[in-house]
Amino acid sequence: MDPVLADRLQFSFTIMFHYLFPIGTMGMAPFVAWYTWKAAANLDTESARAARFWTKIFSINFAAGVVTGIPMEFQFGTNWAVFSARSGSIVGQPLAMEGIFAFFLESIFLGVLLYGSRGIPSRFGAWSAVFVCIGSWMSGYFIVVTNAWMQHPVGYQVGPGGRLELQNIWAVLASPFAGWQFAHVLVGALVAGGFVVAGIGAYYLLSNRETALGRRFVRDGTLVALAFSVLAVFPTGDRNSADVTRFQPVKLAAMEGLFETTKGAPLAIIGMPDVQAGKLIDPIDVPRILSFLAYGNFDANVDGLRAYPHEIWPPVELTYYAYHVMVGLGTIFLGVTAVAALLLALGRLYASRAVLWLLMLLMPLPYIANEMGWMVSEVGRQPWIVYGLIRTAAASSPTVADGETLFTLIGFTGMYFLLGVLFLYLVLREIGIGPSLDLPREDPALVR
Amino acid sequence: MSTAAFVVIAFMLTAYVVLDGYDLGVAAMAPLVARSDRERAAAMASIGPFWNGNEVWLIASGGALFALFPMAYASSFSGFYLPFMLVLWLLMFRGIALELRDHFPSPLWHDFWDAAFSLSSALLVFIFGVALGNLLRGLPLDAAGYFQGTFGYLLNPYAMGVGVFALAVLGLHGASFLTLRIEGDLAMRARRFRGVLWWVVLAAYVGLSAATFFVRGGLPSGVVLVLPVLSLAALAVQWVSLRRGADAWAFGGSSAFIVTLLGSAAATLYPYLLPAFPAGQGGLSIFDAAPAPAALACALTVTIGGSVAVLIYGSLVWRRMAGKIRVE
Chain A
-9 MDPVLADRLQ FSFTIMFHYL FPIGTMGMAP FVAWYTWKAA ANLDTESARA ARFWTKIFSI
51 NFAAGVVTGI PMEFQFGTNW AVFSARSGSI VGQPLAMEGI FAFFLESIFL GVLLYGSRGI
111 PSRFGAWSAV FVCIGSWMSG YFIVVTNAWM QHPVGYQVGP GGRLELQNIW AVLASPFAGW
171 QFAHVLVGAL VAGGFVVAGI GAYYLLSNRE TALGRRFVRD GTLVALAFSV LAVFPTGDRN
231 SADVTRFQPV KLAAMEGLFE TTKGAPLAII GMPDVQAGKL IDPIDVPRIL SFLAYGNFDA
291 NVDGLRAYPH EIWPPVELTY YAYHVMVGLG TIFLGVTAVA ALLLALGRLY ASRAVLWLLM
351 LLMPLPYIAN EMGWMVSEVG RQPWIVYGLI RTAAASSPTV ADGETLFTLI GFTGMYFLLG
411 VLFLYLVLRE IGIGPSLDLP REDPALVR
Chain B
117 MSTAAFVVIA FMLTAYVVLD GYDLGVAAMA PLVARSDRER AAAMASIGPF WNGNEVWLIA
177 SGGALFALFP MAYASSFSGF YLPFMLVLWL LMFRGIALEL RDHFPSPLWH DFWDAAFSLS
237 SALLVFIFGV ALGNLLRGLP LDAAGYFQGT FGYLLNPYAM GVGVFALAVL GLHGASFLTL
297 RIEGDLAMRA RRFRGVLWWV VLAAYVGLSA ATFFVRGGLP SGVVLVLPVL SLAALAVQWV
357 SLRRGADAWA FGGSSAFIVT LLGSAAATLY PYLLPAFPAG QGGLSIFDAA PAPAALACAL
417 TVTIGGSVAV LIYGSLVWRR MAGKIRVE
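Protein chains in written order, with the numbering used here: chain A, -9 to 438; chain B, 117 to 444.
Any given hint could be a false lead.
Distance windows between CB atoms, simulated [stated by the list, open to error]: (1) Leu224(B) - Ile302(A): 30 to 38 Å; (2) Trp365(B) - Arg419(A): 54 to 62 Å; (3) Asn291(A) - Gln264(B): 38 to 46 Å; (4) Leu346(B) - Leu33(A): 48 to 56 Å; (5) Leu224(B) - Gly149(A): 51 to 59 Å; (6) Ile302(A) - Val342(B): 57 to 65 Å; (7) Trp160(A) - Leu296(B): 26 to 34 Å.
Here's a subset of chain B near chain A, in silico, CB distances under 8 Å, partners left out [said to hold, decoys possible]: (8) Pro165; (9) Asn168; (10) Ala392; (11) Pro394; (12) Val418; (13) Val424; (14) Ile428; (15) Gly430; (16) Arg436.
With the Cβ distance kept under 7 Å, some of the chain B side facing chain A (calculated, not the full set) [stated by the list, open to error]: (17) Tyr189; (18) Gly311; (19) Phe329; (20) Ala352.
Hint data in this document are derived by calculation from the structure and do not stem from the laboratory.
Ideal Cβ positions, reconstructed from N, Cα and C, are used throughout, including at glycine.
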């Protein structure tokens, strides 16, 4: 096996599995904070039950996120030694910051929520929930900054031996690529959070239990999912594409399946890229829209893949399909949440079983959309690991044989399979038990 | 410049060992003193709110090493590929065990995860000890600083001795922490256990100091010699507080003992990050790929600012959570 292929498979598998959980924590944290805050402020039992319930689901998510997150940072060193040695001076900084500023905040205050007082949360509990939310979002910011630097390197200078050395940390933290990328990532997670809350609420309504809280979950979840589905398209998605157009035009061409440089380029809604023939098969186009979206001008010239040497093309099919699946799903989310919100305004949502079913069944799809977005970003970055500076093929560890990586890849697969089963089981079990006032970790044997 | 960076890394790793050390220690020694499901639940609950925050220091140390000495980060992590993967898997397994234990009320479920938690934690401590032992002993390195030996090479008697010593030291540290957080029979048994373990630590410390003398081929000189004296003083503090039942002092003494031990190790290794075998024959030093000035300034600010912030809200939370746990 091509040794770099084994490293790439291991990294993409472990990162994609890991990312399922940060989607959940970033997306659910504001709900935990909101319900905890309401409970503490109004001293009301219903909000307290909602708060406890989402804290439990959140904590299982968080635990799975922590354990699958541990290997991520260290894999840079184990599998990508050349990349690490050449760019660690920069990449290591936001990773250290993530640990010490964000992760610590999140984990220590989650401890308060999990092991704190019983019954209705205190003010301190409410603040803790807010800090957990801030921590999880900051965590996401530092990770996106790391990635944004790999997409569009800034604030560095070339040192001895071709090492890239940190020159200005503020340039890295305020990279022009990072802002909209982070906004889009966060918005995507909040769409998922909204769908999870609405979906579980819909489950309770359809099973005719916990009706009051079920309605609240459906309402809150739907409104959040609608608001952020809009924000996912505009401005965050739009601005993100503008950054790609500006800094990585060849990625844009692969995303859109545009082979020939075109004036007034059409937007392909569907179609299958044929890289050999250099065209889209059976496309359905909307004329001139791509030019407008990329440059704000219907007649603008958009570079096609052919405008660039073949050796710097990203894998076209994967980039193209990931992008189209993400956009297609985003459109579905917009439509469904808009209909649900309309029914809500008319006071008919809680009785519309068909829409409740839809909300419940759609729960996994925002996760897929989030993963696809990252796939566009990462696969589309190829063949570079640091855009324009270091090639992925030349960045892996010289001393690690592909057999070793294959072995550990198998190990990760087995471990994550088990973890996935446990995760699903425990979350489904909590949903089955339903909202209660119990502490997440209450053990009747312990008296504080 | 490079020396400041070395101190930053040593400080962060020491913070990690002192802090995560007690929860690793509790995990490793809990099966020896906790007799029932409830007592084990109490032992877990004593570290529950903290372990995750403690492990942050490992992640942050990794980031700092990555940023300040990218070459050493790259060559050590890829050079010790399988041992590192083993450590990652154990860290993950341990986290899963601790977090999932209380999510399902079945004694069998608890038994399984408790055993998994203790076993993976004890193995981790042993491996960390073996790693430190190998650093002190020196490693076969090629010109670029990549490890040239095999997995079996790492399991030499000296390094395994350090592994066992680490287990004893952190077991004592964990037992001391447990007495701070728990009331009742479990705490009494932890105190008795501590009294026995102290002698083991003392004997191992003396033995290993002699072994280190042989492995390093001589005594370190100068100011470094103060550190072993301080280690012995910390051990003495522990002994007195064990006799008097001053649990807080015992935990403080144990923390100080760990700090002085790691201080000695760092002073012995300096200026090498990965010393070659036999010891004293060069290796990958902090001057081989000195950190960029901006990288050092940034890491220093993050470490100092982060430590202060962590101290402030960590102690705030600690005060809120500090009540003792009683097993009924």
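Hint check results:
1. Leu224(B) and Ile302(A) have their C-beta atoms about 56 Å apart, which leaves the hinted 30 to 38 Å range violated.
2. With their beta carbons about 44 Å apart, Trp365(B) and Arg419(A) fall outside the hinted range of 54 to 62 Å.
3. At roughly 55 Å, the beta carbons of Asn291(A) and Gln264(B) sit outside the given window of 38 to 46 Å.
4. In this structure the hint that Leu346(B) and Leu33(A) lie 48 to 56 Å apart at CB holds, the actual value being about 53 Å.
5. Roughly 57 Å separates the CB atoms of Leu224(B) and Gly149(A), a value that falls within the hinted 51 to 59 Å.
6. Distance hint for Ile302(A) and Val342(B): a CB-CB separation of about 58 Å, consistent with the stated range 57 to 65 Å.
7. The given range of 26 to 34 Å is broken by Trp160(A) and Leu296(B), whose C-beta atoms sit roughly 42 Å from each other.
8. A least Cβ separation of about 3 Å between Pro165(B) and chain A falls short of the 8 Å threshold, and the interface hint therefore holds.
9. Checking Asn168(B) against chain A by beta carbon gives a least distance of about 4 Å; that is within 8 Å, so the hint holds.
10. Below 8 Å, beta-carbon pairs count as interface contacts, and Ala392(B) has none with chain A, the closest being about 16 Å; its hint is therefore violated.
11. For Pro394(B), the shortest C-beta to C-beta distance to chain A is roughly 22 Å, which exceeds 8 Å, and the interface hint is violated.
12. Using the Cβ-Cβ criterion of 8 Å, the hint placing Val418(B) at the interface with chain A is satisfied: the shortest such distance is roughly 6 Å.
13. Violation of the interface hint for Val424(B) is found here, the shortest Cβ-Cβ separation to chain A being roughly 11 Å, above the 8 Å cut-off.
14. Interface hint status for Ile428(B): violated, as the beta-carbon distance to the closest one in chain A is roughly 11 Å, over 8 Å.
15. For Gly430(B), the suggested interface contact is upheld, since its CB lies about 6 Å from the closest CB of chain A, less than 8 Å.
16. For Arg436(B), the shortest C-beta to C-beta distance to chain A is roughly 7 Å, which falls under 8 Å, so the interface hint holds.
17. The interface hint given for Tyr189(B) holds, since its Cβ lies 5 Å from the closest Cβ of chain A, which is under the 7 Å cut-off.
18. Look at Gly311(B): its Cβ only gets to about 26 Å from chain A, farther than 7 Å, so that hint breaks.
19. Here the hint on Phe329(B) is broken, as its CB sits about 32 Å from the closest CB of chain A, past 7 Å.
20. Proximity of Ala352(B) to chain A is violated relative to the hint, the smallest CB-CB distance being about 33 Å (cut-off 7 Å).
In summary, the numbered hints that this structure violates are 1, 2, 3, 7, 10, 11, 13, 14, 18, 19 and 20.
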